[in-house]
Amino acid sequence: MEITIQQFKHCDLLSVKGKVDSFTAPDLIKAIEALNNENRFKIILDMSKLEYMSSAGFRALLVGQRNCKRFNRGAIVLASVPKKVKDALELTGFKPLFKIFDEITPAVGSF
Amino acid sequence: MRTAIFPAKFDQLDAIREFATQAARDAGMDDSAIYAVQLSMDEACTNVIEHAYEGMDGGEIECTCDSDDKNLTIIIHDHGKSFDPSTIALPNLDADLDSRPVGGLGVFLMKKLMDEVRFEPMGASGNVLTMIKHCKIEPEKAKAAHSPSTWKQIVILGEELMRAASLTSQHDLIVGSTARILGSQADLWLDERLFRLPGLNQAALYPPQPPNETMMKAFSTGLTTSPEGQKKLLAVPLKNGGLVMGALQVKKSDSPFRKNEIELLDGLVGHISLALVASHRFVVEQWRIEQLTLVRRVSAQIANVFDLDELTRRVAKLIQRTFHYYYVAIFTREPGQDALNFRSSAGRERGRGKRVKAKLGEGLIGNVAKTGEEAVTNNVRSDSRYKYIDSLSKTQSEAALPLKIENYILGVLDVQSDQLDAFHPNDLLVLRALADTIAIAINGARLYSELQMRADHLAIVAEVSEDITSTLDLDELLNKVAVLIQRRLNFPYVHLFTVHPNRRQIIYEAGSGIRGNSLKGSVLDLDKDEGIIPWVARNGKSMLVNDVRQEPRYQPSPFAPEDTRSVMTIPLCFDDQVIGVLDLQSDHTNAFSEDDRFLCGALADYVAVAIHNADLYRTERWRRQVADSLREVTGLISADVSLEDVLDSVLRELERNLPCEVAAIWLLEGEDLYLAQVHGADIMEIDSAAHRWPEAYNFLTAALTAEQPIVRKPDDPIGPTGTGLGFSADYSSIAAALRAGDRPWVC
Numbered sequence: 001m002e003i004t005i006q007q008f009k010h011c012d013l014l015s016v017k018g019k020v021d022s023f024t025a026p027d028l029i030k031a032i033e034a035l036n037n038e039n040r041f042k043i044i045l046d047m048s049k050l051e052y053m054s055s056a057g058f059r060a061l062l063v064g065q066r067n068c069k070r071f072n073r074g075a076i077v078l079a080s081v082p083k084k085v086k087d088a089l090e091l092t093g094f095k096p097l098f099k100i101f102d103e104i105t106p107a108v109g110s111f
Numbered sequence: 001m002r003t004a005i006f007p008a009k010f011d012q013l014d015a016i017r018e019f020a021t022q023a024a025r026d027a028g029m030d031d032s033a034i035y036a037v038q039l040s041m042d043e044a045c046t047n048v049i050e051h052a053y054e055g056m057d058g059g060e061i062e063c064t065c066d067s068d069d070k071n072l073t074i075i076i077h078d079h080g081k082s083f084d085p086s087t088i089a090l091p092n093l094d095a096d097l098d099s100r101p102v103g104g105l106g107v108f109l110m111k112k113l114m115d116e117v118r119f120e121p122m123g124a125s126g127n128v129l130t131m132i133k134h135c136k137i138e139p140e141k142a143k144a145a146h147s148p149s150t151w152k153q154i155v156i157l158g159e160e161l162m163r164a165a166s167l168t169s170q171h172d173l174i175v176g177s178t179a180r181i182l183g184s185q186a187d188l189w190l191d192e193r194l195f196r197l198p199g200l201n202q203a204a205l206y207p208p209q210p211p212n213e214t215m216m217k218a219f220s221t222g223l224t225t226s227p228e229g230q231k232k233l234l235a236v237p238l239k240n241g242g243l244v245m246g247a248l249q250v251k252k253s254d255s256p257f258r259k260n261e262i263e264l265l266d267g268l269v270g271h272i273s274l275a276l277v278a279s280h281r282f283v284v285e286q287w288r289i290e291q292l293t294l295v296r297r298v299s300a301q302i303a304n305v306f307d308l309d310e311l312t313r314r315v316a317k318l319i320q321r322t323f324h325y326y327y328v329a330i331f332t333r334e335p336g337q338d339a340l341n342f343r344s345s346a347g348r349e350r351g352r353g354k355r356v357k358a359k360l361g362e363g364l365i366g367n368v369a370k371t372g373e374e375a376v377t378n379n380v381r382s383d384s385r386y387k388y389i390d391s392l393s394k395t396q397s398e399a400a401l402p403l404k405i406e407n408y409i410l411g412v413l414d415v416q417s418d419q420l421d422a423f424h425p426n427d428l429l430v431l432r433a434l435a436d437t438i439a440i441a442i443n444g445a446r447l448y449s450e451l452q453m454r455a456d457h458l459a460i461v462a463e464v465s466e467d468i469t470s471t472l473d474l475d476e477l478l479n480k481v482a483v484l485i486q487r488r489l490n491f492p493y494v495h496l497f498t499v500h501p502n503r504r505q506i507i508y509e510a511g512s513g514i515r516g517n518s519l520k521g522s523v524l525d526l527d528k529d530e531g532i533i534p535w536v537a538r539n540g541k542s543m544l545v546n547d548v549r550q551e552p553r554y555q556p557s558p559f560a561p562e563d564t565r566s567v568m569t570i571p572l573c574f575d576d577q578v579i580g581v582l583d584l585q586s587d588h589t590n591a592f593s594e595d596d597r598f599l600c601g602a603l604a605d606y607v608a609v610a611i612h613n614a615d616l617y618r619t620e621r622w623r624r625q626v627a628d629s630l631r632e633v634t635g636l637i638s639a640d641v642s643l644e645d646v647l648d649s650v651l652r653e654l655e656r657n658l659p660c661e662v663a664a665i666w667l668l669e670g671e672d673l674y675l676a677q678v679h680g681a682d683i684m685e686i687d688s689a690a691h692r693w694p695e696a697y698n699f700l701t702a703a704l705t706a707e708q709p710i711v712r713k714p715d716d717p718i719g720p721t722g723t724g725l726g727f728s729a730d731y732s733s734i735a736a737a738l739r740a741g742d743r744p745w746v747c
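Quick mapping for you: the protein sequence lines, in order, are chains G and R. Quick note on our numbering: the first sequence kicks off at 1 and runs consecutively. Quick note on our numbering: the second sequence kicks off at 1 and runs consecutively.
Keep in mind that the hints were calculated from the coordinates and are not lab data. You can take every hint at face value.
Okay, derived cross-link-like pairs now, PhoX-like style, lysine-lysine, Cα gap no bigger than 25 angstroms in a straight line:
| hint | chain 1 | residue 1 | chain 2 | residue 2 |
| --- | --- | --- | --- | --- |
| 1 | R | K232 | G | K83 |
| 2 | G | K83 | R | K111 |
| 3 | G | K86 | R | K111 |
| 4 | R | K9 | G | K30 |
| 5 | G | K83 | R | K231 |
| 6 | G | K19 | R | K111 |
| 7 | R | K112 | G | K83 |
| 8 | R | K259 | G | K83 |
| 9 | R | K112 | G | K84 |
| 10 | G | K83 | R | K252 |
| 11 | G | K19 | G | K83 |
| 12 | G | K84 | R | K111 |
| 13 | R | K112 | G | K99 |
| 14 | R | K111 | G | K95 |
With the rest of the complex left out, here is chain R (with noise of 0.2 angstroms):
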């Protein structure tokens, strides 16, 4: 509000009406507005001179003016004369000029030019005058390029355009504003590619073109532009530094922009871009700070978590629901096998954490699973490595990323998206510290597990070596043995032999589950050329296979189950003698690693000492049995019992030490052997066929001479025993000569 009082003289009709315009012109009136301020002001003030104080001198004219959003108030107080301009007839408008009345013109213009007028007479205290004029701005006439307001509704279009959500709100917001503050058409084209937000799939509002050529032209060229001719339809290019980001059009229907018009909108447009763009950074900025929180969040739990299982379930649910992508999974890759491990998936869709089986090379998860190169694709048709999988139907971008240290591939991140460019580089930026991150978490896991398992299986080392090495007795032995790996390593199948040089023979001895006790007993040939257990007790050196299909050595046995894929057989040596064989088995393929071949060479030396104790042991023992059987007999013959009494008793001795089926003494008598005493047969029977047959006699004799006692082999002549009772040409026999005094004796 502000207030002047001015002497009652019409020179001062001039500062009186340029103290009106400037209250009008803070009003953010137009000129016009202004113009019919300045009117009324000076019609009031007119009459205030000429009626209230009848131009007498020394009045005085106290003006008031006040403004509001919507309304100019001017109040006109003078001193003078109580007067009613009310009472003053309004001229004629029509009259000719001859009967034209001279006055009341005044008070009719300022009816018409203002929008209130009140006059109220005050008696004594003079007269009040209350002008009101509304301070409405129409679109079609205002052209106040410096008018506050506009400059106001500019810098609020900024601070909206900020705190708007989406660029669908922004966009209206320009259009809006635009045409309110122009008074005109607007439309706006933005090259969204420069205002996508990462991590949001949202739809394109704008075409990929600006849609009109002049708007083209503004883009392209960087200047406005108006087609031909006609300044009614402009066109102005949104710049950010030197790039062009998109364009404003304006279009007017009536009449053209003129130059302030023009200017305003530069400026509107360079506020608009400016606005675009920070509110832009702000959101990106936004999102980085929460992709670096997902980092962190994953570094976290990768921190917390040493089983790799587990440790991959986790990370693919955190990316899947930061990033809401369709498909994410992990695979890791074992040396030496040509597929890959699937790890852990999660997926958008119930039921969408499906294994997917993935063979190096193979679609793009195989393809950096093989090179260690990242793999994107942003339109999963147009690549030819795209391996197309029946449960993850609607992916159609899709990025691989490996997960490598230094140069050496330790798995796949694999992420899939049903949108066509789902992967801005923000994401892959993201995408890549997440990978580096899984990749040093799977090293660090697989260390520990490493570590976890090196620790398991010294401790089932020790655990089975204490179990076995108390054992004496070899059948219990090798029973146990092979409960123990089943149990303790959890091996399906698990047989052990034992293997005779000199019989050429390997005689299974104990298997796990009840298959492998019926089979107890049954024997290979240890010079077969084919079979992978002849081969390693030949050769002395373990054999693992992964799959059996590929393996030509491999025989189907009756020891396998039928759908064995993967077999390892260890040796068990002793003093580097193969005495005896682990086999084991499996129906899975790739079901032993090298780590087992190491554990099971380790466990086999264990169990190849204690067979040999145990052999010792049983070795030992009858030796003690034989050594008591002699000082038995000795002990016979110095008692002076009968000649017939001490050799039923030998022979009795011998039998126990050594078990057979018949056991005789033959004794000289002059240059002929009689049979002395027979255990196990009719004595007569022997000794006839001892006498009917001189080949058997001669074979019998032959002992006596010998260095060593004969040991009969399968093509040797049959001897007395043999022929009297009937034996097969490959039974056994040994015959050692009584030397005491030239006697000898034959079993």
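Same shape as in the complex, but just chain G (with noise of 0.2 angstroms):
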């Protein structure tokens, strides 16, 4: 798994490649909790790249919204989620959690 980070005015765009699962997921706790602790709570999350994710990352992501909406600060979008994850997400009830994009520049303006 890679993270990259874009950093605009107001959000973060933070792109995953690669496979999320439990070796991974905690990197990627880490990597939104590094936003967190900058004051940073308006987070896209950019899946194009994303191959695959487990159970494990759903936990990150809910771990993730957690914190960023707590007082309102923000929240964590989604955006161009492949089927196949899409699918888990709403098999595991977690898709009512997150606003999910198809596109990037949607979700960036949505904030």
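Using the hints, put the two chains back together into the complex; each one sits in its own frame.
This is how it looks when you write it as structure tokens:
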């Protein structure tokens, strides 16, 4: 898994490339926490290069969302979610917890 | 089945997922099923690492994957702490963000994604987790272009197409398999002319043109076609080399065809085309072998049969049975006849083996017999040459093939079918081969029967001549000849005449049957202009008339049966003299052939010789008798018997040799003749008549000075004997002079 972060004025674009499983999910959690530590809570998760995500990844998203949303500071939104991942999110009831955008631009605009 | 052992570490998850992915792919699963397997495997192993081994180093996970047609089974075995995930509460999927539990998702996902999940805690030996995923391939999800099972289906389809017995079952196989493989509706159209099986008259399965525009376009251009803008409907041409044989159309109601599906379709169609062509070729090959077998069987029959009627009967039957034709007939053509000889026929229905009459130039058969060119019509209604025959009312197609040896037309093979377009080029190929074989056979049989006939005829001539040359009695001889010819040559009416050029008469001598005898002695005038018999008798040439209605010389006569149709009249010649006539008649037209004329000519020669011999014999016998009589008379004279007795015995001997009513001897007494002796009349009456009628007397005395005996002609004066007995003017007499001492006698 590779994570790249692009900072905008009012939000950050976090791109995840590769596979997210129990082995790599802690890195994702750390990346989100690092942003939160800089008082950045509006995060767009770009999943266009994401190949795989297990429930460990979902847990990372869930923990991150809780932190970002606390005190209405912000939120994590998902963009360009691959169908397989979207199906799994739906199956596990995670989908209602996130705003999901097909493209990155509208996701950026949503903040 | 495959097994792998992985260290129980999170960094192994990637390898573990890859292991399961391979197994799922091999089982023929689609992408989403593969993802489900990956995810379940990941979650299961994550649980093992987290809960069974509790993050401890050195643990191992043993994974086993096994798949069959229906299921992929994954068994995960660990040696960690006994752990039962079913004790983990299922997450509340509706809970809000803050109350959402963090754990329990893995087991939940496994149970959702796999069809069966079983946990078996084994105590000290760890835990066994069994997960099963069904390998169901739903048509709408089957996009696995490269999945081996799809190719397998295509291969099986090819094999089944080869085995299919008919175009119908091939159609069903193609449509069914295409629909299954592509998950779409399928429709097939084939150019049936290319696939028609020879010898089978099956009804058309496909319309002559593709049923819709898309298929029509695909068929005519040879390119994959879809209506503008929509990829839900595709028509792919079926091709073999450059030849387009038909089109396969597929249709999807929901989504358009994807690229890999179109590729798959192309491959499928190519395979179908190949299988169709191969199976068609195979059937045609089989059929060819069958036809060749038939030709061979016919040839074998032909080689064994010399009798033409038997031969044609067998061949017609064989062709009819093998090809299931409506009617098969064989005709032969005899030189010099304008009608064909019906030889034999065979029909599908009972009583269809009927005789059919055919004249040269009439109907298809007659045309072929006349021109020697084959005539085939696939629809008799539209062929002007076709001649309708009541007994063959169902005929729709007809093929008439000439039976030829080089340019000589021996006959016609006629085949009729109650189907339209019954004659495929392949059928004609075989029929032509058969016609050639039959022609050779007919020629052979004809030569053989000619040879046989010649031999028979020679035997008849030999027998007849042997019989008649041993007969010296003329009446008996002529009767014998008539009976023998009738019996041995099977001519119904045989008549024999003798010709008498001096009397200008033809006399009926003998005939076959009762009626023949009753006419004995009837006389024809040799100089009569009409009538065949006088003409033959005058000219010494034979005459053959096979239809008397067309012969001006023919005249009905009491000798002929009333319904005479054919006549053959042969002169009996000896030493250039016509001494008799052989007359044969028949109540059929075309009853006599040139062969018969030849045969009867040969017989006539023998008969003429026999008649001549019998005649000679009769003359010889008479001469001998005359010599005896003369010796008798001479003996009497030298024995010095009285003149009266001598004259009496002279007359007696004369009567014995020359039968006559009256015989008289006149002697000279001075210058006058007196009647010395008479037999058959009163002596005084004749004598007084001679003296009373000077004319008669003078006619008598003329014989005295004549060089030769005088034979009376009808317009000569009536002599004394004739006058005395009151004979009519046409009586016969002969007067000769007795010249030993100028003493003449007259009788």
